[in-house]
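Q: So you can see what is in the structure, the chains are spelled out below.
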Amino acid sequence: MSDGPQVLVVDDEAQIVRGLKVILRQEGYEVKAAETKAEALDAVSVHPPDAMVLDLVLPAGSGVDVCKEVRSWSQLPIIVLSALGDEREKVKALDAGADDYVTKPFGTDELLARLRAVLRRAGDADTEPILTIGELELDLADHSVTRRGEPVHLTPLEFDLLRVLAQNRGRLITHAQLLREVWGPAYQTETHYLRVHMTHIRAKIEVDPSHPRYLITEPGVGYRLRDES
Amino acid sequence: MVSLESLGAVAVSTGLVALLDAVTPITGLGVIYLLAVLFLAIRRGELAALGTALLSVLTLNFFFIEPRHTLTISDSENIVALGVFLIAAIVVGRLATVSRQRSAEAEDRARLAVAREREARVLAAAASSLLDGAGIDTQLDNIERSVGSERPGPIRVELTHAPAPGTDELAVRLPISGRPGWLYLSRELSWSKEDQRRLAEALARLIDVALERERLDARAAEAEATRRAEVVKTAVLHAISHDLRSPLTAITTAAGGLRDEDLLARDRAELVAVITDEASRLARLIDDLLDLSRIEAGAVEPRPDWCDVRDAVVGAAAQARAACGDHRIDFALPDELPFVRADPVQLERVFANLIENAVKFSPPNLPVRVTGSAGGGRVTVRVINRGSGVPRSQRRRIFEPFVRGREPGQGSGLGLAICRGFVEANGGRIALQAETDQTAFAVSFPIVRQPTPA
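Taken in sequence, the protein lines are chains A and B. Quick note on numbering: the first sequence equals residues 1 to 229 in the working numbering. Quick note on numbering: the second sequence equals residues 1001 to 1454 in the working numbering.
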């Protein structure tokens, strides 16, 4: 047994669990598995893991319910596995407290990157006043942004949006979460606000806005500030 | 036979004769009574003229023929004169009557011609609306619009059980077979009963034709849907038996190869690449089949949101790059394009499919171009490649499922069918624009009222 972070895999597909166990152990994680909602909740309450990888479709119960219940008493990072085209379910899970998702069938690199992102986020409270993402630097105290040391001029709204994404770098932030954070709870459905400002931010921070390196759109779900670069 | 009118006319004639008789007594003054006969013939017809003639003879005899104030005649010359007068009166009466009838007939004919012309105009308008209308309801609307301007009052048609005429409207039942209907005519129009009946019958026949055409169209559409479902079913079976089996075979083979512990690292990597590539091909094919069956079943259910097509295109380009490598893609998208209402996931899927297709059919050194524009009430995005083009024979069927491009084995043949399904489900249009040196797929959405900016 390694002493790495402990990951609970919740999936009733034995073959998927089998593959994930090998891959995650190889990366230094300690892996436990659960097949049902009840088993998952038991496992989390008896011995809380450092992160959970959760299939949205479980026998007798939905992954969304697991998210809700776990969130009622734990901030444990959760990554959900979902099928393509299930944007509704993804948004439901994210709004119920999941931290991110990968679409089945997923590449192992993608899953591992997401897992790293949520674990890092859980580890540091992001209190540093300066966030560095690739060639970007955000000074939270000074409300300023630079790219390769050159100042980037953002409006206060644009800065707030970028700040929320940067503080959650690598993680998917839903439209509703962004709107709530920046505009307030009354604006959760005004997704077109985001489209305009994200286009402007992209034009300012990306070298080639039609080939974005940082600001990634997850259509129908939200945005992500990509960290690996 | 002798009316007040003829009595009056005879009295006036008598007065006139008496007056002239006092001034210049002439024997032929009796002719004046012919005026009375003529008057009655024109006003009242032959019978009245005859009565007036007899009355005139009696009066003439009584007042002016010796011995006066009796109905006896002393002079035989006067008998002849009276006889001639009577004959003349009868002839005048007859002639006047005939000419009166003629003119009445001519009037009738003129009135009928006007009525027929009006009827023909209404029917022509109705018939042409029926021909270009989509469904019976639009057709009825069209009829209203085209005949509605009829002066001096509008005409309406309704397919309802009970008539509901407006205040100054007349309701006439339309004899349509198998469906109740009503024709409303403005009272101002003063259609005669006969004209109303004729118009109602003719309109009813036109509506019958339209209803029948609608029934036939529905049946044809149903047959077309059945045919397409058949095509899809056959193709799905084919896909399952062949297209799904071949990546599975490749995966099994590669996995078997990996069991060999003495493999060179290079060979191992090669086999792993086969497994990952074929697995993603398999996943893609299953997604496509699922999408296609949703589209064919009319179960696409878009969740419309405000979409920036540039955002969708950029995301799609990233998807396409991930799927088929780094081909050069040039963008020509204006900074400010109106938002469109569409499902963002489906929109990105459409552009990803189109860009992947374009990359697949582009020569390696020629970039794929994506252009955007707003005009004619629509936002249009074109995905353009400069490959060898779509064979003329395939252009018409290019959006049908399982129609593959020039080279066989290039994809499942589902991409464009899915594009069309998603675009149309979101209220947009997709078209192939084939030119000699380039092939473009144009996707357009109507520009709707924009949301208030933040």
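Hints listed in this document are in silico derivations from the structure and should not be mistaken for laboratory results. Please note that the accuracy of each hint is not assured.
To be verified - Below, a list of computed lysine to any residue pairs in the SDA-like style, where the Cα atoms sit at most 25 Å apart:
id, chain 1, residue 1, chain 2, residue 2
1, A, Lys204, B, Asp1335
2, A, Lys104, B, Cys1324
3, B, Lys1360, A, Lys21
4, B, Lys1193, B, Gly1166
5, A, Lys104, B, Asp1335
6, A, Lys92, A, Arg120
7, A, Lys21, B, Lys1193
8, B, Lys1360, A, Gly107
9, A, Lys21, B, Arg1268
10, A, Lys204, B, Gln1319
Q: Would the hint linking lysine 92/A and arginine 120/A be met if the CA-CA limit is 25 Å?
A: Given that 25 Å is the threshold and the Cα spacing comes to 24 Å, the pair holds.
Q: CA of lysine 21/A to CA of arginine 1268/B, is that 25 Å or under?
A: Holds, at about 21 Å.
Q: Checking one constraint from the list: CA of lysine 1193/B to CA of glycine 1166/B, max 25 Å. Satisfied?
A: holds (19 Å)
Q: Mind checking the alpha carbons of lysine 204/A and aspartate 1335/B for me, to see if they're no more than 25 Å apart?
A: Roughly 13 Å between the alpha carbons, so the hint for lysine 204/A and aspartate 1335/B holds.
Q: Does the alpha-carbon distance linking lysine 21/A and lysine 1193/B stay inside the 25 Å limit?
A: With Cα atoms ~90 Å apart, lysine 21/A and lysine 1193/B exceed 25 Å; violated.
Q: Lysine 204/A and glutamine 1319/B: Cα distance at most 25 Å?
A: It holds: about 23 Å lies between the C-alpha atoms, which stays within 25 Å.
Q: Just to be careful, I want the Cα atoms of lysine 104/A and aspartate 1335/B compared with a cutoff of 25 Å; is the pair within it?
A: The given pair, whose Cα atoms are some 35 Å apart, is violated under the 25 Å limit.
Q: Within 25 Å, alpha carbon to alpha carbon, are lysine 1360/B and glycine 107/A?
A: The hint holds at about 23 Å.
Q: Check whether the Cα positions of lysine 104/A and cysteine 1324/B lie no farther apart than 25 Å.
A: holds (19 Å)
Q: Run the distance test for lysine 1360/B versus lysine 21/A: straight-line Cα separation, threshold 25 Å.
A: violated (37 Å)
Figure legend: structure checked against the earlier numbered hints; hints not met, in rising order: 3, 5, 7.
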